[in-house]
Amino acid sequence: MHISEGFLSPQALAAGWTITAAGVAWGLKKMDQEKIVRVAMASSVFFLASLVNIRVGPSSAHLALIGPIGLILGWTAFPAILTALLLQAVLFQFGGILVLGANTTVMAAPAVLVYLVFGQAVRGAGKKNAKIAGAAAFLAGSLAVMASAGIAGMFLFLSDREMALTAKTILAVHLPLSIIEGAAALFMTIFLKRTFPDILSGVERS
Amino acid sequence: MILSDLHTCRDFENESRLDALDARCRVICAFAFAFLLASLRDIVSLSVGSVLPLLLLCVDGKRGFTLIARRLLSMNKISVLVVLFLPITYPGERVFYLFSEKGLFISFLIVWKLNVISVVLLKMVTSMGIARINGALEGLGFPLKLRTLLLLTARCIFLLSERFGTMCRAVDLRMGNSGGISGCRAFAYMVGTTLIHSSDRAERTVLAIGCRGGISGFSGLAESRWTWRESSFCLLFLINSALLILVSHSQTGFGPLL
Chain Y
1 MHISEGFLSP QALAAGWTIT AAGVAWGLKK MDQEKIVRVA MASSVFFLAS LVNIRVGPSS
61 AHLALIGPIG LILGWTAFPA ILTALLLQAV LFQFGGILVL GANTTVMAAP AVLVYLVFGQ
121 AVRGAGKKNA KIAGAAAFLA GSLAVMASAG IAGMFLFLSD REMALTAKTI LAVHLPLSII
181 EGAAALFMTI FLKRTFPDIL SGVERS
Chain A
1 MILSDLHTCR DFENESRLDA LDARCRVICA FAFAFLLASL RDIVSLSVGS VLPLLLLCVD
61 GKRGFTLIAR RLLSMNKISV LVVLFLPITY PGERVFYLFS EKGLFISFLI VWKLNVISVV
121 LLKMVTSMGI ARINGALEGL GFPLKLRTLL LLTARCIFLL SERFGTMCRA VDLRMGNSGG
181 ISGCRAFAYM VGTTLIHSSD RAERTVLAIG CRGGISGFSG LAESRWTWRE SSFCLLFLIN
241 SALLILVSHS QTGFGPLL
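These protein sequences, in sequence, are chains Y and A. For reference, each letter of the first sequence is one residue, going 1 to 206 in this note's numbering. For reference, each letter of the second sequence is one residue, going 1 to 258 in this note's numbering.
Take the hints with a grain of salt, since some may be wrong.
Claimed, not checked - Okay, derived cross-link-like pairs now, DSS-like style, lysine-lysine, Cα gap no bigger than 27 Å in a straight line:
#, chain 1, residue 1, chain 2, residue 2
1, A, 62, Y, 35
2, A, 62, A, 77
3, Y, 168, A, 62
4, A, 102, Y, 168
5, Y, 29, A, 145
6, Y, 30, A, 145
7, A, 77, A, 102
Derived by calculation from the structure, the hints in this document are not laboratory data.
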């Protein structure tokens, strides 16, 4: 999911940084100072989840957990994901520093999107409507990955119009991964709703 | 899994001759130059643009060179994918019935740019470590909340990685190398459990930090002084960038940013 250094044109880089700056500013404004440690925890989980591979058929994949992070953090996903990606770039050279703006947009924008669309359904559903919450969590996890791949493809297309087929291929490659991410989001949400429902209440100021 | 790498990543933060420079100067110069490098689209300009990264690569002698080379090697694993994937999906005349000629050239340029941009950013920004990056962000006027989040996340990562490592071992012992839906469920429960277990500890840690003077006190320790040395360094980068723009202009007929 990370776009590497060298791929994007200055225009695409600038677009990425602009969207990220706006998202981070809004996210920081909405963030409850008292709950900053919870944002840091979610950011760390995002960082660590991508270091663990799970076996998928003959291959293996690492999950990004964009959907669950979005459902937990809402708008604060922007600063949380920016921080995690900065640390990944600094410690492991995943992605890069110059493409940090684009990579943050690629992962944080879908997280905010699923929060706006599915957040209420996941948080609001009581024990009786666990199936609704589960379905919403699955869709959130799944669509977040597809949206993320779509935005990554758009950045490539913006850099070079002839990369249209490359962008479409990236989208197709992420289709099986989106189902796995959806399943992970479903199990994680069910688990958190049973054991730690408070964490799904968000970190934003009321 | 590379969780164990977390405990060795601090080796990268070594003494460098560049450490004498103000962190803000390093960040500004690195970003401006990397942005310019990203805009180059021909071999001659890239060759001229690679001179400064090569000098940076040699600035700390053999040890510094080895450290960066090792990092570049791991980063270039992605280059193999680029070289294989991009020419296949790129339009244009085919070589060996499969690879696009133009795609091969573009992927070659991308890999080259990946390496030179990475050298600049690894040497100038990444090697400073989290504390100095945080100091640079403070000097550049970034909001306190964001810097606090950066420091807390760095701290939480080390806290959670221990817990995460233990959980991974437990899952491996119980389930072996299980994949599919059960592997996915185990992973999701593991992440959830780690989050719950570490939540209380992290909140207590923040309270303890608050008792010791607060998180904002950390960055106050970072020195920031802008002297003639920083100004000369910026001027050197500026001259090099101007030269690069001229070369690129003579090659493509347009400014590199257009």
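Comparing the hints with the structure gives:
Proposed proximity of residue 62 of chain A and residue 35 of chain Y is contradicted: the alpha carbons are some 46 Å apart, above 27 Å. Of the supplied pair hints, the one linking residue 62 of chain A and residue 77 of chain A holds, its CA atoms being roughly 23 Å apart against a limit of 27 Å. Between the alpha carbons of residue 168 of chain Y and residue 62 of chain A the distance comes to roughly 44 Å, so the proposed pair goes past 27 Å and is violated. Restraint check for residue 102 of chain A and residue 168 of chain Y: satisfied, since their Cα atoms lie roughly 19 Å apart, inside the 27 Å limit.
Proximity of residue 29 of chain Y to residue 145 of chain A is assessed by CA-CA distance (about 9 Å); at most 27 Å being required, the pair is judged to hold. For the hint linking residue 30 of chain Y to residue 145 of chain A, the alpha-carbon distance of about 11 Å falls within 27 Å, and the restraint holds. For a cut-off of 27 Å, the pair hint linking residue 77 of chain A to residue 102 of chain A stands: about 22 Å separates their Cα positions.
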